[in-house]
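Asks: Next come the chains, spelled out residue by residue.
2 protein chains.
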Amino acid sequence: MWLTGLPASGKKVLASVLATRLFKDGIEVYTLDSVKIRGSLSSDLGFSRNDRRENIRRAAELAAIMARSGLVVIAAFIAPYAEDRARARSVAENFHEIFLDMPLELCEARDKDDRYTRARKGYVSNFTGISAPYEVPDNPEVTLSLQEIDSGSACDILVEYVKKHFVNFT
Amino acid sequence: MWLTGLPASGKKVLASVLATRLFKDGIEVYTLDSVKIRGSLSSDLGFSRNDRRENIRRAAELAAIMARSGLVVIAAFIAPYAEDRARARSVAENFHEIFLDMPLELCEARDKDDRYTRARKGYVSNFTGISAPYEVPDNPEVTLSLQEIDSGSACDILVEYVKKHFVNFT
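If you read the sequences in order, they're chains A and B.
So that you can map any letter, position 111 of the first sequence is 111 in the working numbering, and since no number is skipped, the others follow by simple counting.
So that you can map any letter, position 95 of the second sequence is 95 in the working numbering, and since no number is skipped, the others follow by simple counting.
Looking at chain A on its own, in the form it has when it is part of the complex:
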């Protein structure tokens, strides 16, 4: 389950809530996100186009290996380039792209970590949505319009989705 969206679109929180819900229902699940990967597997990488490509490549390979162990893997990564997400899809056997659709202005308004503010001031370069592109998914399996539904409803949708599409657990 690959959650993609702008910074502060709610990927990591949704991944965490979803994981907790699935776990309570007896589904073994593991979440991966940028913080976990960039401090370990991708500790040698930055945020250039090439480094982002390699970071997503490694995250996808990791997710695919973990999925083969029988876990439902929830990967929460901006993954702003369609090309990189397509490659991630090609690596995993059971890949589902979940697009967290939230306008830039809203993401910016709700960003508690002031990442957008720092990016606007130029303290951070290559920041997705400000100084680096986010390519909206063309054909994601699920689009969650987070302006229209709350995160609880979004989670409900994904719980049902996982139960339907990860056949080991139905």
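Because the hints were derived from the structure by calculation, they are not lab data.
Remember, predicted model here, so these are calculated numbers, not experimental data.
Among the clues, some could well be false.
Identical copies go unnamed one by one, so any copy, or any two together, can satisfy a pair.
Straight-line C-alpha distance at most 35 Å; calculated DSBU-like pairs for lysine-lysine [stated by the list, open to error]: (1) K164 / K36; (2) K12 / K112; (3) K112 / K24; (4) K24 / K36; (5) K163 / K112; (6) K121 / K164; (7) K121 / K24; (8) K36 / K121; (9) K112 / K36; (10) K12 / K121; (11) K24 / K163; (12) K163 / K121.
Dock chain B against the given chain A, drawing on the hints supplied.
Replies: Just chain B now, kept in the frame of chain A:
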């Protein structure tokens, strides 16, 4: 559980037999080895000193992440450099180095894949034991002298070891 030893010392077979035994006892387990990693996560790497270091680094990070998901991870890698194994140890929370102690001559004699033959003829460079070093572990948690015990007994020892040292399962 990090299994280290010369090429053809029996790492991968032992890992596989051990995984099957543990699985039958209800312990969730996953094996990682060079074939799995070099075709995916480390597909950009070769066999130079630097590339070997990076390959083992990624394998260790992967193993650590998978272990955090609750699996017992059995990693079967030559990992010929003590420095790389020490770094792998520092990454994982519950690291156990298992040294498969088997003389070079025996490994060479039992190598069905003729890797040693090709290395001796110079078709393969940087081959551990022939044209690249294998640094014998100084202080492994377990040393299995595979000249003295058969692989069934080796597996028995490791099954007991896992049950003792992976506390979630005892």
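Asks: All hints, please: hold or fail.
Replies: Outcome of the hint check:
no., hint, verdict
1, K164 / K36, "both (28 Å within a copy, 29 Å between copies)"
2, K12 / K112, "within (13 Å within a copy, 48 Å between copies)"
3, K112 / K24, "within (29 Å within a copy, 48 Å between copies)"
4, K24 / K36, "both (23 Å within a copy, 31 Å between copies)"
5, K163 / K112, "within (32 Å within a copy, 44 Å between copies)"
6, K121 / K164, "neither (45 Å within a copy, 55 Å between copies)"
7, K121 / K24, "neither (43 Å within a copy, 58 Å between copies)"
8, K36 / K121, "within (27 Å within a copy, 44 Å between copies)"
9, K112 / K36, "within (20 Å within a copy, 40 Å between copies)"
10, K12 / K121, "within (25 Å within a copy, 53 Å between copies)"
11, K24 / K163, "both (13 Å within a copy, 26 Å between copies)"
12, K163 / K121, "neither (44 Å within a copy, 55 Å between copies)"
Comparing the model with each earlier hint shows violations of hints 6, 7, 12; every other hint is respected.
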